[in-house]
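For the protein sequence lines, the chains are S and D, in the order given. Note that our numbering has the first sequence beginning at 1, numbered continuously upward. Note that our numbering has the second sequence beginning at 1, numbered continuously upward.
Hints listed in this document are in silico derivations from the structure and should not be mistaken for laboratory results. Given the structure is predicted, the values throughout are model-derived calculations rather than measurements. All residues carry an ideal CB built from backbone N, CA and C; glycine is no exception. Hints should not be assumed to be uniformly reliable.
What the hints assert, rightly or not - These stretches of chain D come out as covered by chain S in the derived footprint (C-beta under 8 Å, 3 or more residues): (1) 52-66; (2) 129-141; (3) 214-222.
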Amino acid sequence: MHELAITEGVVEAVTERLPDARITCVRLEIGALSGVVADSVRFCFDLVTEGTNLEGARLEIAETAGRCRCRACGGDFEPDGPIPICPCGSADYTVLSGQEFKIASVQCQPGGTTPPDPPAKVA
Amino acid sequence: MCATCGCSGTAVVRLFHEHESHEHADHGHESHEHESHEHRSPGTERTVQLQQKVLAKNDRLAGANRDWLRQRNVLAINLMSSPGAGKTTLLERTAAGLAGQVSISVIEGDQAAALDATRIRAAGCRVVQINTGVGCHLDAEMVAEALRVLDPPGGSVVVIENVGNLVCPALFDLGEQARVVLASVTEGADKPVKYPHMFRQADLVLVTKTDLLPYVDFDAERHAADVRSLSPGALLLPLSATTGAGMRDWYDWLRRRAPAPPE
């Protein structure tokens, strides 16, 4: 049930960036290999946004496919299932994409302030 | 509760603590001045591109933990498994087996109780207990606080015994330098296939309770093949903390990574 904590992370991130805005829509991108279940995030969203400036916001989730590169044959393939296997039969691969889990954009009512720059990366 | 910014009680202090325009520690709602907000003024809605990783904050704090540990010359290991796979028993045995060679302290993560911390302390290690309440995993913020309390000496090893769970802890970087996953033979050989995210992250997989192999149906070859396919770089070591079989290989792995003690 880490989707509960993760959905709280969505609210926290949006609230930090746009503390004064009334959010009407949140757009997420969830990769097929991210380990996050989109339906669970949907389930938690209303619960977690209650009483915040995201309350009542629409949730849109784009589920993106995974992409792997086979170390044996060098080819790229889209995994089918939790354990990626290359069509050549090899299970030795690197994940190219599909592990991302991010907030793509939000829609908000007018007013409020411009979002500050994201926090500086820790060196 | 303030209907617009949502501030109320401790939860909001947590949500807003990096938001400088509010002084949440002090303000009472009676005196909350809202003039500075622009609330629901007319106009059209706007879209703000964020392109931000949801776990960015945890990853940032984990990075800070990692820097802190490096500066202190401390090795941190994130020890993960399902409940009952033998994490605490492994640590008890390890504390005894490496006594006088490697200085080990432990951060214990459980939803409730301090039973494991009591066992670890009895084995001679310094230990800090984190109770996550309803939480199903440790995160970097909890570990940062635990590290401050634990105050591990330079040249030592900190083992973070995560909440017993093969799902959620896989997603949360704690700032550790190595991830060790335990898989007990009594759980069955199908766990890597069922919980691929956990095993994909592992640097070392310890197959525990091997003394029980004669009594259970555990296909070690299939298990090893599935672990290798998920994490080609992971090392697999079978052991029994009860009989001591295989413990030497685990000690060697740990000794190789342990930082040199201060002169």
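Hints and how they fare:
no.: 1; hint: 52-66; result: holds (count 10)
no.: 2; hint: 129-141; result: holds (count 4)
no.: 3; hint: 214-222; result: violated (count 0)
Comparing the model with each earlier hint shows a violation of hint 3 alone; every other hint is respected.
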